[in-house]
Structures are given as C-alpha cells and as structure tokens.
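J.: Given next are the chains, with one letter for each unit.
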Amino acid sequence: MINKDIVIIGGGPAGLAAAIGAYEAGNKDIVILERDNQLGGILNQCIHPGFGLHTFKEELTGPEYASRYVKKINDLGIESKLETMVIDIAPNLIVSAINETEGVIQYQAKAVILAMGCRERPRGALNIPGTRPAGIYSAGTAQRYVNIEGFMPGKSVVILGSGDIGLIMARRLTLEGANVKTVVEIMPYSGGLKRNIVQCLDDFNIPLKLSHTVTKIHGKTRVTGVTIARVDDDKKPIPGTEEFIECDTLLLSVGLIPENELSRKVGVKINPRTQGPIVTESLETSIKGIFAAGNVLHVHDLVDYVSGEAYLAGKNSVKYIDGLLNENHMINIVTQDGVRYSVPSSINPKNAEDLSLIRFRSTDVYKDAYVSVFLDQERIIHSKKKIITPGEMEQVTILKKWLQDRPINSIFIKIEKE
Amino acid sequence: MFDVVIIGAGVIGSSVARALSKYQLKVLVLEKHNDVCEETSKANSGIVHSGYDAKTGTLKAKFNLLGNRMMADFCKKYRVPYRNNGSLVLAFEDEDIQKLDELKKQGMKNGVERLRILSKDEVHEMEPNLNDSVVGALYAPTGGIVDPFELTIAQAEIANMNGVEFRFNSLVKSISKSKDHFLINFNDEIIESKTVINCAGVFSDEINNMVSEYKLHITPRKGEYCLFDKEVGHYVDKTIFQLPTAYGKGVLVTPTAENNLLIGPTAYDVIDKRDSSTSPEGLKEVLAKASQSIKKVPTGFIITAFSGLRATESKGDFVIGEAKDVPGFFNAAGIESPGLTAAPAIGDYLSSVVAQKLNADIKSNYLDNREEIIRFEPLSIEDKASLIKKNHEFGKIICRCEMVTLAEIKDAIHRPLGATTIDGVKRRTRAGAGRCQGGFCGPRVLEILSKELNKDPREITKFDQQAILLVGLDKETL
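Sequence lines, in order, name chains A and B. Note that the numbering used here has the first sequence beginning at 27, numbered continuously upward. Note that the numbering used here has the second sequence beginning at 647, numbered continuously upward.
Calculated directly from the structure, the hints in this document are not laboratory data.
Label-pair distances were calculated between CB atoms; the ranges are:
1. A:Arg-221 - B:Glu-1122: 26 to 32 angstroms
2. A:Ser-312 - B:Thr-945: 25 to 31 angstroms
3. A:Asp-114 - B:Thr-945: 28 to 34 angstroms
Straight-line distance between alpha carbons at most 25 angstroms, and here's what the computed DMTMM-like set of lysine to aspartate or glutamate pairs gives:
4. B:Lys-1042 - A:Glu-175
5. A:Lys-242 - B:Glu-931
6. A:Lys-246 - B:Glu-1093
Ideal Cβ positions, reconstructed from N, Cα and C, are used throughout, including at glycine.
Bound-form chain B, shown alone (with noise of 0.2 angstroms):
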C-alpha cells in the first residue's frame, strides 16, 4: 500500500514528487513515457511569468506570484538554469497604451512588484532591436526565463534520491475508490494507495473523471514554436509579449535560459491530445506575429520547430485541491500557462495539503539537495584543464555544437533517474540541442547510451519504447 500515487512525472507531478519526499510517506510517480518531463513541460515558452495577467483571485494568479517569487533562490540551490531578464508587454498603437495600464493596475493588485509603463524612448533604448511601429510597454523586472526540462528532470532527482519510486512506461487505465484507499489500474497491474494526486496534464480531465463526478473538461491547445542558433540568442534581452488576447499571451520572443532565441506560441484548439506536430499555417503565423515585435526576423537561423499542448480546462483556472466528493483524490488538473511558473509554488501547497491529511512527519534524513552537475563549456580555460586533469572523459567531446564532453554524457545516463534515450541525454545535456541537432554526436550518443546501458545499439530509442533509430544489420534483408 502506498500512501501516495503521483500521476504524471512533468513539471507538475514532479515538484509534488519532490515537496512530498521531505516527508516520511511511501510515494510513487506513474508516467506513461520512459523518462520524466515528455509532454507540456518539455514544449512551452521557459517563461518564468511575474503575474500580471492572470485575473486577480484566480489560483492562477496567486500560484504564479508565488511561483515567480521562489522561483530564483529554488533555481540557484537545485542547479537549474534561470535568469531574471524581466519582460515588456508592447504596445503599438496609443490606445494600447491604456490596456497596458489596466495590465498594470491588475498586476499591481495580484502583487507584482515594481511593474512599470516605459515610453517609446525608454522601451527602444532598453531594447535596441525592437519593431520601431513600438510606441510603448509594459515592463515587468520581475519575469524570467528558466530551463523547462532541468525544472522538472532537478525536482524528479530530488524526490528519487529521497526514496519517491517512479515507473515508467505505465498508462493509467482506471482508478477506483474501495473504502479507505484506491485501486489503480496501470498495465496489467493493480497498485493500492491511500492517495492519488492528478498531474496528468492534458490528460487530467480523464484521471479526475474515472473518480469525480465533478468532471473536468480539458482542451488542449497547440502552441507551435521556432528555436534559434545561440548566435542570434542575444537579439533580445527581455522577454517580450504582444498585448494578451482571449486565448493566451500571444507570440513572443525571447531568450532561453540557454541562450538560443524562441518564438512562439501559436494558440489553436485541437482534437488529439496526442497531436504535437507543426503546420506550416503555424510556423508562417508564428514568424509574422514575431515581425511585429522586433526588427527583423532571424529566419536564417532557424534550428528547429516544436509545438507543445496547453492543457486547458473548460473554466480556465486552474485545479488544484482535494476532489470535493472523492477524499483523498487530489487534482493539479488543468494547469497551463503560468504553470511552469506555478509548479514548485504549486507543489509546496499540494504536498502540505495530503501530507496533513496523512499526518505525515517530516524525514529526519531529507537530502535537499541534487548531486553537482557540471557544465564544461562555461568554465576557463584554467578550469577546463584543472577539470580533464581530474577526469579525464571531460577531455572527449561528444557534441560539437554545444560542447558536451564524455564525462557529461555519462553522469547523465547514471544519475538518478538517469537517460535512457537519446532526447533524454538532449535535455539534460543540451547533447544535440545545436546547431547541427545532432547530426553528429547522435550515433556517437547512441553509442554511448548502448555501452552504458548494455543495451543492444538497436534497442536504443530516440524517446519511449517505440521511437527506434536502428532497424537492423546492413544487408539483413537481403
């Protein structure tokens, strides 16, 4: 009997994982993928939000201050990539000037610090590469960005090393309530636990629904994106936004944690939450909405397109909290923009909410803190060398691109909840993440993964069970 069951190991079910692994609770994450961070919380803009748009009482509103406001301390003592950037919400034309000012006062009553309206000299002078048609903005010193897979892969780590037990590859099939617990039926297993708490993003709805009469309605929301070459990373200092519409923040651009520039998203309804390709519709309008904002458009360097789903409920805040007819059943349904902002905030409350519920004391033995990762491209020279002295796979570099060593590769496959798959050596080592996106390191990677693993080079995937990159031997059909 497990006292909680976790669905979904994203960026959500992954800071429960972490705030309730303090505690002294036998706790257990079921994801559907082979690694943590697969759906939502790898595909979506890194933005470290400071508040101001989401209506005033909303849970949005208030997990996003708290998110933003623990945000760079949590980021510094976990290792994961953030920067406070601030951002600008443009106008462009004199009457936007007064929705920016409404964007203020909402801000100014969630509780954001600081927010300012800048003129059209001042917002040019802070952002040389703006579209001149600018005529004013919003300015927020309070947002950030931050990198969406160390955010989750950090907390993930946390929780495994303080004895939260993940399986993956393990599709929720239903859930029932008997008595005091629940029956969770996953594969061809059944599990019992005291507890389940729902971070099953777009798919949220249909957990909550299997016990909750109080149903949910989830549509996701495609947003479509185009990364940029590290070389054009600095065309933009802040993160910048249009004026919000009904259906989400619209495009922005912006500088990742990591340095490349992103644009995007688009926001369109979709049917299949499983649908996560690009459009050329998508793509076009992404790179016309960015043409507004800045000068120019650097569409010679573009390295990739991605989309992401927002999982959005039909009441469009989110869902956090006990089901009201299902004790013990808790949801973080729902949770779309500002979740990744939201999460560690959100996980904090959720993990206190049930840990009270189950009377749980804390662990006497918490370690609070991941293992050292380093990053060899960063360091000086003296360091480098200091550094290969030491262990010597630093001096072997795998990606060229974005200069991962040997050394990296490898504590990523064997930290806790270490890489299996070649997008897991990616996002916790940028390995493939250049310009090249692994045209390169990928078979060298493979490799690796295949060594240390001791896997045959053929059951090396590029994510999940079924993405293989090897169909056979040469000639073998022959």
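Next up, chain A with everything else stripped away, as it sits in the complex (with noise of 0.2 angstroms):
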C-alpha cells in the first residue's frame, strides 16, 4: 500500500488539469493514472483546431492544446503512471490499479480526483432495426482509426446524429477522401457547436437533415446503404418519409456518457440528468474526499471549460485534505422551466470562490428567452439570450457576496420567456 495524497484517475484534460490545480494549491504529494499509453486522452486523436481560445486565446489542435499541460505536468514533476487501469475505489479511498510492470498497485489516498471522461453511445443504446454489418462504427472510433492508425473505415458515409464529433469526423473523412453523404439529426436542431455545423458541414456542403433518423441498417456482410425518414414531434418515424441512402458506413454521433462505472461502485450518487455525480461548489461528490470534474462530470462542449472546471477540482481537493472545506449551510440549486441539470448542485457560501461559475444545458430551444436566477423569492439575474439551445452549455456567475449577507435556502435557474 501507497500513501499518496492526491490520486487522480484519468490522464486527459481534466486529470492534467486537476493535478496542477493541487499542485499549485501547495500540495505536491499526487499521482495521475492513466490507462492510455500517452497524456492527453481524447485530445490526442483531435488534430482538428479549435481548442484553447478561452484558455491561451489562441487557436489549438486537440495534441497541442494536450502537450501544453503535459509539458507543465513534467516541468513541475508530477507523477503519472501510464498504460494502468484502476480497478476499484474503496469508500475508505484505497484506489487499486493494475499494469503490466508493477501488477496490482494500491494507494490510500487522501483524496480521489475522478477524471475518467467518458464514452460514446453505441448502436444498441438507439435500437436502430436492421442487420449488424460490418461498418458502423461510433464517431470517435472513426476518428481513431483515421488520425492514429491511418485507416480509412469507409468509403460512403452516413452519420447519424449532429454531435460536435459526428460534425469534426464530416470534414475529416471528406478531406481524406471520402464521400460524406449526409448528416442525420433527430431533434429539429443540432446537437453540436454552430461553429461546427458552419466549418465542417456548410463549407463542404454536407446536407444536414434535421428531424430524420436511421430506421434501418441493410448489408449482410459490409453496411449497404440506410433508410432515413422524416420524425414526428415524438420522434417517431413518420410512414411514407422514407428514404434509401447507398452508402458503406455508418457513423453514430449519438451523444455521449460519462463513464461512472467506478464512481458507481464504490457509492458515489449518481444525477440520473448528466449520468455524472452530483458535486458541491467544490466539485466534491457525495463521498467526503472524492472530486470530480471534466466529462465525467458532465459532458463539456469546449475542453477549456474541462480543464478550468478540473483546475478547481485540484485546488479544493488540498483545501479538503487540509481541513479548510465548511460542510455545513448548503443552498441548494434548483433548475426549473427549461433547465435541464446544473453543475454544481449546491454551494456552500463559506467554501464558495468569489465569483462561483454555475454551469447548465437548456431542455429544448429557447429564442428571445431571459435567463433567470433567482435567491430564494429575489431575482438577481435575469439576462437575455438570442437563443439557447441544448447543444451549447449556458453559464450564469453567482457572487460569493450575494450568498453572505442573509440566510438563502435555494437557488433557483430558469429560463423565462418574454
């Protein structure tokens, strides 16, 4: 057994992240565990730009934004291990990991930093009817196989599903010499970035048909083709909208799940909205001592915001191991009317920054809509939004100093229209 502060899993944007937070909080003592045999996670298989605008405010590639924190994880010599696989975490925080080199590890921890991202969900999660052929893949595995290995997955391409992967993996299989046919989205708008929609799908006209969806997968061997129809107000299929796309791919962009098995196993609660653990302002789950942050938490749409979340992270779990996190006087966040979940769901005024981030996805498309916070009964925000819509993350600033000067129970988001 290992004594070790901080244990960090996962090695991605939100494990480099949270390591530097604690490091720079004053507590050197941490190790990162990562499975992959590299630093970075998902950023590595990204070499598309537009990363760290916020953070560096200059215009990255997935590896380079990655290499910056890796590089500052060597220089400050934080410890990593990579290619290990942690196994199970204890509620007394042992955190037991394998590798091939070393076998089992074990580590009681101080405190556990859970940064293990998350996972795409596959064909079945959707029931789409048909064969199983070879050739459909998730996009993320699509863009494995075409920006680390160098393998094409298919010639002709569908995808299903309008998420800012399924958008990026349009323009990158077109620039590799594939025919991108068409876009398929369910909802009647994208789940993606407008940047996205704009740069990878108007600029190399790639048709995105809004309310369709996949009803059948054809193919024996190799995918054939796919039927795409029209969708009702439910979603469901509407008869006589059918369409029959020849195609030898299909690509699932269908959204994304935090990848919370761990978490789960060892008694975290769990917020049935995100699939990520319910956190406090300080990002601490359920479980005194164990943090979160990053896209196991929720999902991000911009790795800029992961790292800033996960910094925090770091940086409250030395604050905890120090004896310096108040655990009483809650106020609860309440999301209502057109707010589907906030991350956190509480703040404690006394742990809480100055300027403390609320972080929360809409239910459906809002346009000319106002959102609104408000202190129990007092309406303190109350800002107005072209449009909000579920594909893009909404923020609102609560001030350290609105939550001190009278006792609040709740706070409440909501979107309000005109």
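Fit the two chains together into the complex; they arrive one by one in their own frames, and the hints show the way.
T.: Written out as structure tokens, the structure reads:
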C-alpha cells in the first residue's frame, strides 16, 4: 500500500488540470493514473483546431492543447503512471490499479479526483433495427482509425447524430477522401456547436437533415445502405417519408455518456440527468474526499471549460485535505422551467469562490428568452439571450457576497420567456 | 477417404464432432462461415430447458431431458459458463393455473423432476420484480442458463485437439452417393467419406434433400432479442417464461450465464434463411411482452438487439438418425428449441450410432478436456496480482467494460480453432460484448489480431471474409 495525498483517475484534460490545480494549491503528493500509453486522453486523436481559445487565447489542435498541460506536468515533476487501469475505489479511499510492470498497485489516498471522461453511446442504446454488418462505427472510433492509425473506415458515409464529434468527422472523412452523404439528426436542432456546423458541414456542402433518423441498416456482411425517415414531434418515424441512401458506413454521433462505473461501484450519487456525480461548489461528490471534474461529471462542449473546472477540483481537494472545506450551510440549486440540470447542485457560501460559475443546459431551444436566477424569491439575474439550445452549455456567475448577506435556502435557475 | 464428414459447426455439429473424436475415426467438419457458432447457435436464449413443454414421446422431450441432466457436470468439466437458476412459467389469470397444471403433468411424464405450482405469494417472494398481475407460476428448479458460444467453442476445441479437422469457408454444394461412400462437393473440391452427418441448422433440409427421398422442409422462424447491461443483470434471478403458444415458448426474461439481462424472442416465419435482421415491430413486441412479465423493463440499459433463426421442421420434431433410404447418411435436422439443451446428448447419441456402424474403437489417447481458460475479471485482487507476475500481459486491459486483458485475447487467438475475427474474439473473451460494444477496444482488438495473425489490418474482418472493417488508407482515393 502506497500513501498518496491525491490520486487522480485519468490523465486526459481533466486529470492534467486537476493535478496542476492541486500542485499550485500547495500539495505536491499527487499521482495521475492513466490507462492509455500517453497523457492527454481523447485530445490526442482530435487533430482539428479550435481548442484553447479561452485558456490560451489562441487556436490550438487537440494534441497541441494537451502538450501544453503535459509539459507543465513534467516541468512540475508531477508523477503519472501510464497504461495503468484503476479497477476499484473503496469508500475509505483505497484506490486499486493494475499495470503490466507492477501488477496490482494500491494507494491509500487522502483525496481522489475522478477524471475518467466519457464514452460514446453505442448503436444498441438506440435500438436501430436491421442487420449487424461491419461498417457501423461510433464517430470517435472512426476518428481513432483515421487520425491515429491512418486507416479509412469507409468510402461513402452517412452520419447519424449531429454532435460535435460527428460534425468534425464529416469534415475529416471528406478531407481524407470519403464521400459523406448526409448528417441525419433526430432533433429539430443540432446537438453540436454552431461553428462546427458552419465549418464542417456548410463549407463542404454536406446536407444536415434535421428531424430525421435512421430507421434501418442494410447489408449482410458490410453496410450497403441505410433507410432514413422524417420524424414527428414525438421523434417517431413518419410512414411514407422513408428514403434509402446507399453507403458503406454508418457513423454514430448520438451522445456521450460519462464513464462512472468506478464511481457507482464506490457509491457516489449520480445525477440521472447528467449521468455524472452530484457535486457541490467544490466539485466534491456525495462521498467525502472524492471529487469529480470534466466529462465524467457532465459532458462539456469545450475542453477549455473542462480544464478550468478540473483546476478548481484539484485546488479544492487540497483544501479538503487541509481541513478547510466547510461542511455545513449548503444552499441547494434548483433547476426548473427549461433548465435540464446544473453543475454544481449546491453551494456552500463558506467554500465558494468570489465568483462561482454554475453551468447548465436547457431542455429545448429557446429564442429571445431570459436566463433568470432567483435567491429564494428574489430575482438577481435576468439576462436576455438571442438563442439558448441544449447543444451549447450555458453559465451564470454567482457572487459570493450575494450569498453572505442573508440566509438563503435555495437558488433557482430557470428560463423565462418575455 | 474420411470416415465421417460433419456438415455444420454450430452447437450440434460441434457436439457430434466432440463425441466422435474419442473414436479412432478420420473426421472432417465442413463449415461455410469462417468460425464455429456463426448462425443459430450464436443467437438464441441460452437456456437449459428443464423439459416440461415438449410433447411426451417426441425426440425433443427425450433429448431435452438427457441434455438437461448432463449439462451441469458437462459445463463444469469443459469450463462453459452455466448456472442452474431454475425457471418459472407465469400465470396471469386464474384459468392459466389450469394450463400450468397440464404443463406440470406433461413435464412429469417427460421425467422432469421437482416441478411445483407456486401460489401468488410464493412466486412474488421468489421473484420480487415480477409484474403485480402474476397470480401463480410453474416452478422448474432444474432449468438453467448456459453460454451458447462457449458450449459450441469448447466442444469444437476438444474435437480439434483430438484430431478432428475443421475446414471453414467451405460451403457444401452437392452430395452424391457412390456405392459405399459419399462424394461431397464444397467450394471447388470433392472429398470422399464413408458417412455424412447433417448438422446444417436452417439449411439441414437442403442437405438432406440432396441425398434422401424422404424430404425435409425447414421454415426459418425468426426470434428477435434485446440484451441489457450487466447493471440490470440481476433484475430477475430465474428464467421467466409466459405460457407457451403454438409458435414456441413465448417471450422470456432471463439473466444470462454472463450476467446480462436478456428478453425475447419473437417468433415469425420468414423466407430468407440468411435474414437475421431486427425490425422495429419485433423490438417493440419484445419490450411490450416482457413488460407483462416484469414490473419495469429497464429500456435505458439496452446494449444491443439481435435476432436468430430457429430451424423449424414441418413435422415439428427433431429429425435425428440415419436416413431410411440412404445408409451412412445421418441427420441432426430441425434442431430448434430445446436444441441447445439437447446438443451434448444429441452428439453423444449420434456418435455412438455412427461409431457402431463403422465398427470404430475408442482412442487410447483421447484428451477429455480443453486447455485452461483464465478469466481475469472475477479474480480477487491477490489472484490478479500473482497472475500478472506470472504473465505481465494480464496487466494490460484491452476491453474496459468487461475487463478483458491482452493475455486472454492472445490466448483466444492461439487456442485450437482460435479466433480470427473481431466477433470471434468477442465470443471467446467478451471483449466488445459490454456496454460500449467495442467502441474503445474495437481498434485495439483489430490491431492485436493483425499482429498475432501476421495480417494487414485491412484484412481483419468483423466476421467471415467479406465483413471488412477498414477499406483503405487515409487519402488513398484523393
């Protein structure tokens, strides 16, 4: 058993920033456990630009963004173990991991930071009928083949789902020589960022079919085509609108699921909306000393936000170890009227930063609506937005001093129409 | 000249091959796919039926009971995942109890032991997640669940270790009888054999009809299923049936031998014997019928859907034994449910009949087991540590969802009749069978296959030879 103050599970963008956050808060007894053979996580296969505009005020590729953090980790001398898979976290913060050289490694941690990221939703979760041939890939798997291994997963491609990875892959596959026939989205709006729709679809004349879905997969050995159809308001295919599209590949970009198998096993409470842990303003989960940040907590649009959030988690893990996290006076954050969830779920004014960010997503598309925040009955934020969509994460800033003036039971976040 | 040619390497062909491999015979298995367990044997309920619902006196009833009785020891010996979980047939109305009683009587006549009718209270206590509308059940404690892939693979492996030859990608085109032996034409090759055993599943009528005037007619009857995440694998403990209908045993809800939850199948006759597609109607029906049996179908945890074809013979029973008009030609045809349960017993029976006909003696050097298979995931931390010390490749996890290591995947590739495809690795190790369905491990398994088989990555398939995964290099077509 190795004693270690802070054990960080995952060496992607969240794990790296969390480590730096902890280090800069004054605790250097840190280890990052990463299952892949390099740090950086999924950024390593994201070779497109668009990263770092918030953090570094310049546009970087995924590997460039990752390498800045990796360099800092190395410069600071923070320990990391590669090709090391955590297989268990016990409630008393014993973390068990395995790798080829050391076999089983066990750490007694004082704080654990969950930074395992997320995985892609597979075909089965959608229950798309038809055959089960080769040629059906999740967008991230295809991205790995194309960007890391140098192989093309297909020549003519239909993409189901307009999440950001699907959009990015539409462009990538086109540039690598494939014919991307269409992107099909079941919702009446895209799940991806506006800039990706413009730069990845519009610029390449790839049609985006909103309110459509794939109703059948054809082909016995390799995909030979898909049937798509328009859907009604209940997302049910409308008979008579079916259309056959010949293709050899179906890419799925139908959502990401925070990877919380370890968290569930140790008993961390999970928010059914985000599929990630329920956390406080300090990003502490329902189990004391276990923190969470990044896509394991909720799926982010931008890695910059992941880094910021994880830095805070690292810093707070040190506060926790030093006994500086206050455990009383929680104010619940209640989401309603078009707000699907928020992170965090509660704020303790004693622990809050001077400016606390609350991030959330809407349940639907709202035009010319207001994001409102109430401290109990009092409305303190009422800000007009041209458009609010579930595909773009929103945030509001709560000032610490608002919470200190008087006792508050709940903070309400809602979307109000004019 | 072969002594025996077995056509088909599903669970029946593999059982027959395993049982024949103990005799001093030259045996060849011809399989049109490039692996064992590629059709009906890979897409079924994985149930070890207790044997109450086959009509008394039928071959189905006889071999079901024999198979059921040998399954526990058989699976233990050959390292096949199996659990004797027991099964329930539900009654939803008081008049159903009468039908349960008839089933029970039939079961007793068939030789099924310990059948018991449970009251409403008893059945709900036994299975708390049953639908409130359940008023009673027939309890069959001898029912079980088995991994159908391993039941097939294990037997094929034993056969192969004992000298049975397997030729894959070998589609039989015609068979003719010449005096005292058979000429079998597959691909562009003709081989000779003294006897032929037809284990061709949904195609067993076509094989039979090549040589026998006693024509068989098989209608493929499709069954669609939904498979759920292990997280809800213990939603029920027993295999939950509804009352059987003319089309089969109805939609069941069951844990699998690998601790997933499985619901299905539908039962529709289809025309195309290669059509294993799923349909929106089928999946809807499965979910609707399952929701009659249990409180809540955990639809959020579905990880995949699949379908399989039952080989339903027009007379409704198994066709097992020598064709009346073709000495030396043996059938194991029309093997639908309870075929998986019956398979080891059918293999034992047919092999003894054929061996007798050929006056074959038992081998002195018969290996009655397979090489050890190590599963990393269920081991204790201490055992994991010592295993990695012995072989460091157990310390490299390839499939995170099912926690499958590099050592296990390499073993699956290099065993007798080892995996050559992504699906082959999945069925042997469970890599890719979990909740992400190979999203993460797919490219890694492909890389391992390519390295271990010394093949270009573009030649590695999902299954068979045509199911290519990678179509070229980046920018190749620009």
